[in-house]
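If you read the sequences in order, they're chains A and B. Going by our numbering, the first sequence opens with residue 2, and the numbers climb by one from there. Going by our numbering, the second sequence opens with residue 2, and the numbers climb by one from there.
Don't read these hints as lab results, they were simulated from the structure. As the structure is a prediction and not an experimental result, all values here were calculated from the model. C-beta: ideal position from N, C-alpha, C; glycine also. It is possible that part of the hints are untrue.
Said to hold, decoys possible - In silico DSSO-like links for lysine-lysine, alpha-carbon gap of 27 Å or less:
(1) A/Lys-296 - B/Lys-296
(2) B/Lys-60 - A/Lys-60
(3) A/Lys-204 - A/Lys-330
(4) B/Lys-46 - A/Lys-114
What the hints assert, rightly or not - Partial list, computed: chain B residues near chain A (C-beta under 7 Å):
(5) Ser-81
(6) Gly-215
(7) Gly-218
(8) Tyr-227
(9) Ser-231
(10) Arg-237
(11) Glu-288
Unchecked claim - Footprint (simulated), chain A over chain B, 3 or more residues, beta carbon under 8 Å:
(12) 46 to 58
(13) 98 to 109
(14) 120 to 129
(15) 143 to 155
2 protein chains.
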Amino acid sequence: MTKPASDQNHTLTLRDVSEASGVSEMTVSRVLRNRGDVSAATRAKVLEASRALGYVPNKIAGALASQRVNLVGVVIPSLSNMVFPEVMTGISETLEGTGLQPVVGVSNYLPDKEESVIYEMLSWRPSGMIIAGLEHTPAAHVMLARAGIPIVEIMDIDGDPIDHAVGISHRRAGRQMAEAIVAAGYRRIAFLGTQMPNDFRAKKRLEGFEETLGRAGLTLVDREFYSGGSALLKGREMTAAVLSRTPETDFLYYSNDMIGAGGLLYCLDESLDVPNKIGLAGFNGVELLDGLPCKLATMDACRLEIGRRAAEIISGTPVTTKVSEFTPKLQFGDTIRTR
Amino acid sequence: MTKPASDQNHTLTLRDVSEASGVSEMTVSRVLRNRGDVSAATRAKVLEASRALGYVPNKIAGALASQRVNLVGVVIPSLSNMVFPEVMTGISETLEGTGLQPVVGVSNYLPDKEESVIYEMLSWRPSGMIIAGLEHTPAAHVMLARAGIPIVEIMDIDGDPIDHAVGISHRRAGRQMAEAIVAAGYRRIAFLGTQMPNDFRAKKRLEGFEETLGRAGLTLVDREFYSGGSALLKGREMTAAVLSRTPETDFLYYSNDMIGAGGLLYCLDESLDVPNKIGLAGFNGVELLDGLPCKLATMDACRLEIGRRAAEIISGTPVTTKVSEFTPKLQFGDTIRTR
DNA sequence: ATCTGTTATGATAGCGCTAACAGTCCCAAT
DNA sequence: ATTGGGACTGTTAGCGCTATCATAACAGAT
Chain A
2 MTKPASDQNH TLTLRDVSEA SGVSEMTVSR VLRNRGDVSA ATRAKVLEAS
52 RALGYVPNKI AGALASQRVN LVGVVIPSLS NMVFPEVMTG ISETLEGTGL
102 QPVVGVSNYL PDKEESVIYE MLSWRPSGMI IAGLEHTPAA HVMLARAGIP
152 IVEIMDIDGD PIDHAVGISH RRAGRQMAEA IVAAGYRRIA FLGTQMPNDF
202 RAKKRLEGFE ETLGRAGLTL VDREFYSGGS ALLKGREMTA AVLSRTPETD
252 FLYYSNDMIG AGGLLYCLDE SLDVPNKIGL AGFNGVELLD GLPCKLATMD
302 ACRLEIGRRA AEIISGTPVT TKVSEFTPKL QFGDTIRTR
Chain B
2 MTKPASDQNH TLTLRDVSEA SGVSEMTVSR VLRNRGDVSA ATRAKVLEAS
52 RALGYVPNKI AGALASQRVN LVGVVIPSLS NMVFPEVMTG ISETLEGTGL
102 QPVVGVSNYL PDKEESVIYE MLSWRPSGMI IAGLEHTPAA HVMLARAGIP
152 IVEIMDIDGD PIDHAVGISH RRAGRQMAEA IVAAGYRRIA FLGTQMPNDF
202 RAKKRLEGFE ETLGRAGLTL VDREFYSGGS ALLKGREMTA AVLSRTPETD
252 FLYYSNDMIG AGGLLYCLDE SLDVPNKIGL AGFNGVELLD GLPCKLATMD
302 ACRLEIGRRA AEIISGTPVT TKVSEFTPKL QFGDTIRTR
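Let's have the full structure, built from the sequences with the hints guiding it.
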């Protein structure tokens, strides 16, 4: 009723196109994939028929027959902070033109969820997998190791990669930030971060941070965690909490830029003397925040580069080392005093 | 000769599990899918063998045989603004437990890219498609209409849906905001937005906005567009530009909250009298910004609800109408004067 | 005229799974 | 004893493609 004569409501197959154009299915297949020799006349005939019918090839059948799937699984913990979209941009950018297509799965920082996402993805037999982090359930680890495809674990390099790792050393990043803070003369340092037992990278940064503090004979004077809600707002609240509980604090180290920005706005509202009486630093280098009245000290996590490199490895660029380390740059901004 | 007992590097199939557990492939398949009657003893045997081998089913073959694919294609223009991740959250949330799995594709606001993403997705024969917007290339339109699966176009309802539409009326949203602004007594209104010829929703909002202005005998006193870069920063710059070019401006209407927030920060820096001498409004209701010193007037785009409803439709919740409209709530915040 | 070699097309046999049906076994009900 | 039916397991035949080999047609080289 909706459609004119020729089309049944059945979904089209190669056979339909082959009948419509008077050649074998094989030839149609060759035309549509641009593979093998087909005369110009035949090619034109087939393309026209295919277009006229509105044929969409069935990749499921194609993949099964050819044992080739042009998909790359990408497993990340979240889409709602600013960091992973940028990694995705790097991946997409690089995959563009290789014929490979990224497919995103989100684990919400839950190892079991990650395992099931990985399982689900592997069951589609992708050509490669890109996964955030080096920590996975044992089952996930085994599946990945057995999959027989390139695996790239991204963001972090502090640990043993299954196949390849591309990222930065978060422990080192934490140490480096601590060194800068201590060198700037701050002594009563507090940490404010997410309450996420499974954010291993934030944890490693804090470890590195405390390690360096320890070597300088310092310990954190306070710490505060949150979960959920608007990061900017939480940053304000946490900062208020820390400063009222531990008024002598002279530096606030945040586990990410969003809460750091919230804290910064709070400090400015309260007319605190930033960065002289109190300093702040975050992590990530989110460009998003560039318009703030005052620039938060942070460390770039090399997200774009990580995405690019991971995609390169998946798409077959030869690599000599299992681990590709990027070096985050510390940006002092306006919230660490320089003396 | 070909394979010793267990470990070649070949990828496992049902046959391997079937041999390892001494039952037919069919029985293994039944166990792994939890379908049909299998004795507890057999089930245990099979599960153990499967686990021991590290078997991951091949969904490609499964899908081809069963003509069922548990995938839902989701096509959105971008991941890097705050709006689509929230829609995704609504979708994932609702799909959870239905056995359906979202697969995301990004079109970058490019119609041709959108078409190719749609084509790519349809070739995997998903159970449904969710697509942002009502505007597509003719080819994409035909493919979707022919696909024989539920199609839900989201975000916008000002137009003709292929199958279902779930969203808000952006034209109406624009009108409503204009009414509020005019009612508050602002008269010299400027628009600041993205330079995106293909952001049809932003365009519709502006149309509705100008329409209402027109009815009140007003026209925009200035307009400014941008593309790329940090939205917050751009908001500042554009606002500075407008206010220096058209100093009599008494209201700034932004096409999104991020640039609006940038503008707001600029006004506060300049100690302008917000909302009395100058008012501001954005669009989207991004929770992200909750921590700002002053609350920007905005309109919630019902992102979460849209995602949920779209997923419900895909997963088979009966619907009576082709179009599900949500009503965005205008939040006055602190940047529109109430008199 | 015969033998290559090249280009264009078709026929056949699966890829790894599941739908649909066909048993088989066992026990309760006749 | 016979029957019927439920519980369980196996057999067969594809799903819609593509790899591979076979075939056909014909150019030029021998």
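Report task. Between the region 143 to 155 of chain B and chain A, see if three or more residues pass the 8 Å beta-carbon test, and mark the coverage as holds or violated. Result -> It holds, with 5 qualifying residues against the three required.
Query raised in the report: Can B/Arg-237 be said to touch chain A, with a Cβ gap under 7 Å?
Result: It holds, given that the least Cβ distance between B/Arg-237 and chain A is near 5 Å, below 7 Å.
Query raised in the report: Has the given pair, A/Lys-296 with B/Lys-296, been kept, meaning a C-alpha gap of at most 27 Å?
Result: 21 Å, holds
Query raised in the report: If you take the shortest Cβ to Cβ gap from B/Ser-81 to chain A, is it below 7 Å?
Result: 5 Å, holds
Query - Closest C-beta approach of B/Gly-218 to chain A relative to 7 Å, hint status - result: 35 Å, violated
Query raised in the report: Per the CB criterion, is B/Ser-231 less than 7 Å away from chain A?
Result: 4 Å, holds
Query raised in the report: According to a criterion of three or more residues whose C-beta lies within less than 8 Å of a C-beta of chain A, is the region 46 to 58 of chain B covered?
Result: holds (count 3)
**Report entry** Outcome, coverage hint (the region 98 to 109 of chain B, chain A; C-beta under 8 Å; three residues)
**Finding:** Since three or more residues must qualify, the claim that chain A covers the region 98 to 109 of chain B holds, with 4 doing so at under 8 Å.
Query raised in the report: Would the stated hint for B/Glu-288 survive a check requiring a Cβ distance to chain A of less than 7 Å?
Result: 5 Å, holds
Requested in this report: Decide if the proposed pair is consistent with the structure: B/Lys-60 and A/Lys-60, CA atoms, cutoff 27 Å inclusive.
Outcome: Holds, because 12 Å separates the two Cα atoms, which is no more than 27 Å.
Report task. With a cut-off of 27 Å on the C-alpha distance, tell me whether B/Lys-46 and A/Lys-114 pass. Result -> 26 Å, holds
Requested in this report: Let me know if the C-beta of B/Tyr-227 comes in closer than 7 Å to any C-beta of chain A, holds or violated.
Outcome: B/Tyr-227 check fails; min Cβ-Cβ to chain A is 12 Å, beyond 7 Å.
Comparing the model with each earlier hint shows violations of hints 6, 7 and 8; every other hint is respected.
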